[in-house]
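These protein sequence lines map, in sequence, to chains A and B. Going letter by letter, the first sequence gives residues 1 to 331 in this note's numbering. Going letter by letter, the second sequence gives residues 1001 to 1416 in this note's numbering.
A few of these clues could be false.
Simulated crosslink set (DSBU-like; lysine-lysine; CA at most 35 Å straight-line) [what the hints assert, rightly or not]:
#, chain 1, residue 1, chain 2, residue 2
1, A, Lys281, A, Lys293
2, B, Lys1274, B, Lys1311
3, B, Lys1274, B, Lys1003
4, A, Lys195, A, Lys281
5, A, Lys116, B, Lys1043
6, A, Lys116, B, Lys1224
7, B, Lys1003, A, Lys116
8, A, Lys296, A, Lys281
9, B, Lys1286, B, Lys1311
FRET-style restraints, in silico, Cβ to Cβ [what the hints assert, rightly or not]:
#, chain 1, residue 1, chain 2, residue 2, range
10, A, Gly232, B, Pro1189, 48 to 58 Å
11, B, Glu1365, A, Gln166, 36 to 46 Å
12, B, Thr1334, A, Ile200, 50 to 60 Å
13, A, Lys116, B, Asn1380, 50 to 60 Å
14, A, Gly192, B, Pro1353, 53 to 63 Å
The set of hints was computed from the structure by calculation and includes no laboratory data. Cβ coordinates follow ideal geometry from the N, Cα and C atoms, glycine included.
Read off the chains here:
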Amino acid sequence: MSFQPVKFYQTGTFTVGNRLLPDNERSVQSTVRRTNSLNSGHRACQGCGEALGARYAIDAAMEVTNGQLIAANATGCLEVFSTPYPETSWQIPWVHSLFGNTAAVATGIAAALRVKGRSETRVVAQGGDGGTTDIGFGCLSGMFERNDDVLYICYDNGGYMNTGVQRSSATPPAARTATTAAVGPTPGNPFGQGKDLPAIAMAHNIPYVATATVSELRDLEAKVRRAMEFRGARYLHILVPCPLGWGHDSSLTIRMARLAHESGIFPVFEAENGEVTGVSKIRRQVPVEEYLKPQKRYAHLFAPRPREDVIRRIQEAADRNIRRYRLLEEA
Amino acid sequence: MLKQIEGSKAVAEAVALCRPEVICAYPISPQTHIVEGLGEMVKSGELAPCEFINVESEFAAMSVAIGASAAGARAYTATASQGLLFMAEAVFNAAGMGLPIVMTVANRAIGAPINIWNDHTDSMSQRDCGWIQLFAETNQEALDLHIQAFRLAEELSLPVMVCMDGFILTHAYERVDMPTQAQVDAFLPPFQPRQVLDPQEPVSMGAMVGPEAFTEVRYLAHVKQMQALDLIPGWAAEFRQAFGRDSGGLVHAYRTEDADTVVVALGSVLGTIKDTVDALRDKGHKFGVLGITCFRPWPTVAIREALAGAKRVIVLEKAFGVGLGGIVSSNVRTTSNAADSVFTVIAGLGGRPITRDSLARVFLEVEAGTAPALTFLDLNRAAVDRALARERESRRSGPIAEALLKDIGLVTAQLR
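Starting from the given sequences, assemble the full structure and let the hints guide the process.
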């Protein structure tokens, strides 16, 4: 039986198409194989992008490893909302050590498994953008450089949301956080700062680097599956909107992620051994205003006085991403 | 087997006999020769199965050890000085999670001013972190303590720090009796973790604990350390039977039976102190020595018993609490019945030689009742006074250390 590739232009996603897909492309969430690795009952906010991303990512990793998975977790929202003892939402062996050492802890776990000849058990490390791009960056770079057999997943919501929405090196320009207030002549986070961590990961020439968002969950799952086909250091950077920190309605999480992709703000791609091997094309580029407007962290760009100058700079950055990664579909 | 080898090499060989499964290495003097030795053994296949990981910092070294230990592997690392401070957050974390990691600390001063030589400021800074802290007097004891440390750590599910004086021990070539693999295997059973990350039986480790149970969790850490006080003497006896020598234990008493004055100290300086006390004994002065091998947990009963007959106690320490005075002496004062007669002598900071002459002088001052409660051994008072005067005279008096050294000039000739 052959299958016709399907595109659902009504929504731009596969949201209604699961049962129309070939079995191997269906979401693990729709199957009896779903492990619920991050079980229900946790304390994430309504509309939390990180909880959604983590559930899809870890369940997909569980599926491909046949349940032989150990996770190390950085301090942060994911750690706090999933576990205060005696409750835990984790149905997999899971360890939280510190904020800044998750990649190294994962390295240690991988080393222990190797020395014990248990190569079938795989290791995932996960953290937010603060735990990844800032405080955990040294350990992460060390893990990359040694090519340790770890999949590191960064759930990027653009700030320290657990401590009350402070700026991280993943906070985008102009965004208001508690430490980049929307006051003064240049409100919000400054331009010209921040780290492009997927590019930095690629510069380590590790086997696999990919970005994903929670709006394309099957793409996210596919990237986890692909990542697990490699041995060595792998990096998955998932954009996870945060209703609390971004100030958007909690029903808009998926939409915000989709707009981040379709505006060019967040390029979705994958790379092997430092070279881009695939990008998620944008069918119709949306202006960045559509992405910025529903978010209170950008409210100062629209009122009391519209800041077209700032919006233009954000648009330029998005356009640059589109050129750099060739994100627009050929006409 | 008798060998004439460097202290670091002896420790490396002893650690290898303990069959560590994951070793993380980050270079810092004076610890480097230990991990270099182990690295070579792993690389050559002599030590197998074992993963030797060159990490990017001490913080990563302890974190890799945490992950490895949590996944059920016997984990080891070594550090010193700034390295211990750089990993401090993970040091506390390993203890809090109850992971039986063994770490050598090649004791070294802490900067600023940067100083690579020996004192105990590094280990003392971590005295309340929840690790068991053992201090070696000799290279033989250093290597023996590592064998005991793995057993102690794994029995109690607590990490153990083996402290040995940097350079004085780590770089000294001395005769040691290296046990055989069979002897070590008989003394140290395979690691059976109490908690392990295992897909067959998933657990969550290191999650948050609130006020409702935090006190109890912390108290249990204390209880475990108290259990070590019960275990260590028995194991030292067992070690003596198996290996034929005294190593470890809680404390070592030397000529304390009829002593009026007992000198308490940790580490390699005990040798010099014993020599000094022998000479004083020959002249009729009733001195004794109490070496503390187990500093954490603090062996209250053993120390109280050893000091029971003393009229005076001198605590000679290679670190001090700035703004307080002695650290070990503060512990001794809570233990000794003669708390008012505890004298503190700070000595050997940043590698300053501790000579028998200087020790004898200060010991006799204490005996004569002319010593202050706190003495900095061989302190150059004139240089200190000049530095203080400079600060009074000029607001911008500059870096303290630089001006002080200009005053002193070349010092090597002054060292005896």
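Comparing the hints with the structure gives:
Proximity of lysine 281 (chain A) to lysine 293 (chain A) is assessed by CA-CA distance (about 23 Å); at most 35 Å being required, the pair is judged to hold. At roughly 19 Å between alpha-carbon atoms, lysine 1274 (chain B) and lysine 1311 (chain B) fall within 35 Å of each other, so this suggested pair holds. Note on lysine 1274 (chain B) and lysine 1003 (chain B): the hinted pairing holds, with a Cα-Cα distance of about 25 Å set against a maximum of 35 Å. Distance check on the hinted pair: lysine 195 (chain A) and lysine 281 (chain A) sit about 23 Å apart at the alpha-carbon level, within 35 Å; holds.
For the given pair, lysine 116 (chain A) sits about 17 Å from lysine 1043 (chain B) by alpha-carbon distance, which is consistent with the 35 Å threshold. Note on lysine 116 (chain A) and lysine 1224 (chain B): the hinted pairing holds, with a Cα-Cα distance of about 28 Å set against a maximum of 35 Å. With a C-alpha separation of about 32 Å, the suggested pair lysine 1003 (chain B) and lysine 116 (chain A) falls inside the 35 Å cut-off, and the hint holds. Using a Cα cut-off of 35 Å, the hinted pair lysine 296 (chain A) and lysine 281 (chain A) holds, with the two alpha carbons roughly 28 Å apart.
The suggested pairing of lysine 1286 (chain B) with lysine 1311 (chain B) holds, with an alpha-carbon distance near 10 Å, which does not exceed 35 Å. A beta carbon spacing of about 35 Å between glycine 232 (chain A) and proline 1189 (chain B) contradicts the range 48 to 58 Å that was offered as a hint. The given range of 36 to 46 Å is broken by glutamate 1365 (chain B) and glutamine 166 (chain A), whose C-beta atoms sit roughly 57 Å from each other. Checked against the hint of 50 to 60 Å, the pair threonine 1334 (chain B) and isoleucine 200 (chain A) passes, with Cβ atoms roughly 52 Å apart.
The hint said 50 to 60 Å for the Cβ distance between lysine 116 (chain A) and asparagine 1380 (chain B), and at roughly 56 Å that hint holds. A C-beta distance of roughly 55 Å is found between glycine 192 (chain A) and proline 1353 (chain B), which places it inside the suggested range of 53 to 63 Å.
Checked against the numbered hints given earlier, the structure breaks hints 10, 11 and satisfies all the rest.
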